[in-house]
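Novice: Spelled out from the first residue to the last, the chains are:
There are 2 protein chains.
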Amino acid sequence: MRGLPSHGMQRLPLLLSRLEKGLADGRTQGVATWSRQAFLEVDGERGLGPVVMMNAMRHLKQNLPETGITVAAIRNANHIGMLAYHAEKAARDGLIAIVMSTSEALVHPFGGTEAMLGTNPVAIGIPAGDRPFVLDLATSVVSMGKIRNHALGGVPIPLGWAVDAEGHPTQDPVAAQGGAIAPFGDAKGYGLGLAIELLVAALAGSAVSPDVQGTLDDCYPAHKGDLVILIDPASGAGAIPALIPYLDRLRLSRPLDAARPVAVPGDGAHARRTAALREGIALPQPLFEQLMAFKAA
Amino acid sequence: MRGLPSHGMQRLPLLLSRLEKGLADGRTQGVATWSRQAFLEVDGERGLGPVVMMNAMRHLKQNLPETGITVAAIRNANHIGMLAYHAEKAARDGLIAIVMSTSEALVHPFGGTEAMLGTNPVAIGIPAGDRPFVLDLATSVVSMGKIRNHALGGVPIPLGWAVDAEGHPTQDPVAAQGGAIAPFGDAKGYGLGLAIELLVAALAGSAVSPDVQGTLDDCYPAHKGDLVILIDPASGAGAIPALIPYLDRLRLSRPLDAARPVAVPGDGAHARRTAALREGIALPQPLFEQLMAFKAA
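Protein chains in written order, with full-length UniProt numbering: chain A, 1 to 297; chain B, 1 to 297.
Since the hints were made in silico from the structure, they are not lab data. It is possible that part of the hints are untrue.
No distinction is drawn between identical chains; accordingly, a pair holds when it is met within one copy or between any pair of copies.
Claimed, not checked - Taking lysine to any residue and the SDA-like style, the derived pairs with C-alpha atoms no more than 20 Å apart in a straight line are: (1) K21 <-> A276; (2) K61 <-> S35; (3) K146 <-> A187; (4) K61 <-> I281; (5) K21 <-> S253.
Chain A extracted, bound-state conformation (with noise of 0.2 Å):
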C-alpha cells in the first residue's frame, strides 16, 4: 500500500513456503527476556519478523515509563518486512522508534568490489501530529529488487548502481545480479550500513552478512539481526509540537523545480497508502496465482 511490494505481497509465497518448511513458526511471537531494566534480549524462535517485532515493542513499552529509553536486540526472527511500518506506529503512540536490520551480503563496502555488507536498513519514526516524520532506508543506492525489475524489463542500469561478479562497474543488471550493489552516498553511506552491520550483531548475537541465510531463500534458517530503540519524548526538555510548524516550513520551502515541492520523509508514503485505502493495490497476475495455488494446497 505504500507502493514498496518487495516488502509486501511479493514476499507471501516465500514465506509461506518457509512456513511449511519449518524454518519460519506462525505460532510464536519469541521469547522476550530483559537482561538489564532497559535491555530487551529476544530469541524469535523462529517466529514470522513483524509478529516478533511487535511483541518485542510491546514488551519495550512497559519499561519505558520507568526509563525512557529502551532497547530490543531480535535474532531468530524472520525477515520483519518494511521498517516504515513498526517506526510509524511508535511514532503514531506518541513515541520515537529507531529500528534496524540486516540481511544477506548484497553490499560492496565503498571503495571495493566484492558483496560484504547487507542493505542494512534504518527506519526512523518521530511524533508529529497527523503526520508523523517516518524515514526508513536502504544503505545501499538501489534495492536488489530494483535491478531485478531492470533484468526483467531489459533496461540497462545507470552507472554506480552495481559492479558485477569480477568487480568492474556494470550497466547489465543481470551482470548486476551476481555482482554486488553500491552503498548509497558513497563512504558515508558505507559508513552508516558497516554501524548497522555491528551494532546490530554485536548486540543481537545474529551473523555478519556474508555468513546470513534465510531471508531471500526457503532453504535455510534465517540468521539476520533487528535491533529497535524506542524513546519516550516526554522524559526530555523538548516539545514535539513545536517541530511539526518547522516541518512545514520545510515543505514550503523554496524547490529546485517548482513542479517538485520539498517533501519530508513519509510524505510519499502517507500518500500512497491513502490512495491505495480506496482504490485498493495492484498485484501482478504471476504472483496472484501463485498465491491462489497456495490457497488451494
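Please arrange chain B on chain A, whose structure you already have, making use of the hints.
Specialist: Okay, now just chain B, sitting in the frame of chain A:
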C-alpha cells in the same frame, strides 16, 4: 591530529572570544539530572561543548550497568568539537556510543534550495580491540569549511555541492557561501540529517537549525543541541570479539583500485593521529599569530 582542522585548532580563537564575552563559561560542566532512570537531561549552562559532553558521558556510565542503555539530551552548551573523539573514548571503554549534534542552517533539503538544516553530524563508536570502529559523518555532502578553502584558493567547487543565494546550482565557492550546501546521498542523506535535527530538538529542547546561532559567531548564545546514547554490549547476546575478523575480511576484500585498499571507518583518522603524535601538526601562520595575540592579552 586526525586531519580535521575545522574542528580543532581553527575553532580556538572563536571559543576564546566567546569566553571573553561570557557566551561560553569555562568553569561549568553543566547540570545533569536523571529525568528517568536511563534518560539524562543536561543543561550545559553555556559551558564548553566537550567539557559538558564528557561530564554527561560520565553520568551515563553510572546507570548503564543497571539499564544496559542510557541517553543524554544536552542543550545550552557550546560547540562540541568533533564527535569522533567522544565516540572513540566510549568504544575504548568497551561501550557503544551514538552521538548526534545540530548546527546553524547550512544545508538545503533534497529537492530544495534554501538552507533549512544543520550539517547535523552523527558519530558511532563500537569496540573492536585495538582499532575500534569510529564513524563520524556530517549529513552535508561537504563541510562549509571545505567550501571556504576553495574560495580562499580561487578553486571552483564540483557541481552538486551547493546552490547560490537564488537557489541555482553553482560551481563558484563564494556564491556557495551565501547559498546552501547539498545533503550527502540525495534523499536518503537529507532524511537522515532531518531525523537528527528532529531527534535532538525533540529530546534536548534545543532550537531547530533556522533558529540556531552561536557556533560560528561570537555574538549569540549557542542554541543547538547534542544527543548521546550509550549501550553496554555486555547486556546482549552478541560478542564483540567475533566482529574483529569480519572487519579484517572487509579490509582485505578486493578493492576497486588495487592501490587503495578497502578501509573501515576510523582507519584513516587512526593513521593520521598516529603520524601526528610522532611529527606534530602544522598550524597556519595567521592562526598561530592570532593565538599568540590571545596569549599576550
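Novice: State whether the alpha carbon distance between K21 and A276 is at most 20 Å within one copy, between copies, both, or neither.
Specialist: Close neither inside one copy (33 Å) nor across copies (58 Å); limit 20 Å.
Novice: Using 20 Å as the alpha-carbon threshold, which applies to K61 and I281: within, between, both, or neither?
Specialist: neither (33 Å within a copy, 50 Å between copies)
Novice: One pair to classify: K21 and S253, alpha carbons no more than 20 Å apart. Within, between, both, or neither?
Specialist: neither (53 Å within a copy, 35 Å between copies)
Novice: Checking an output row: K61 and S35, CA cutoff 20 Å. Within, between, both or neither?
Specialist: So K61 and S35 pass the 20 Å test inside a copy (15 Å) and across (17 Å) alike.
Novice: As a check of your reading, is K146 near A187 (CA-CA no more than 20 Å) within one copy, between copies, both or neither?
Specialist: Answer is between; shortest inter-copy Cα gap is 17 Å, intra-copy 22 Å.
This entry does not satisfy hints 1, 4 and 5, going by the numbered hints stated previously.
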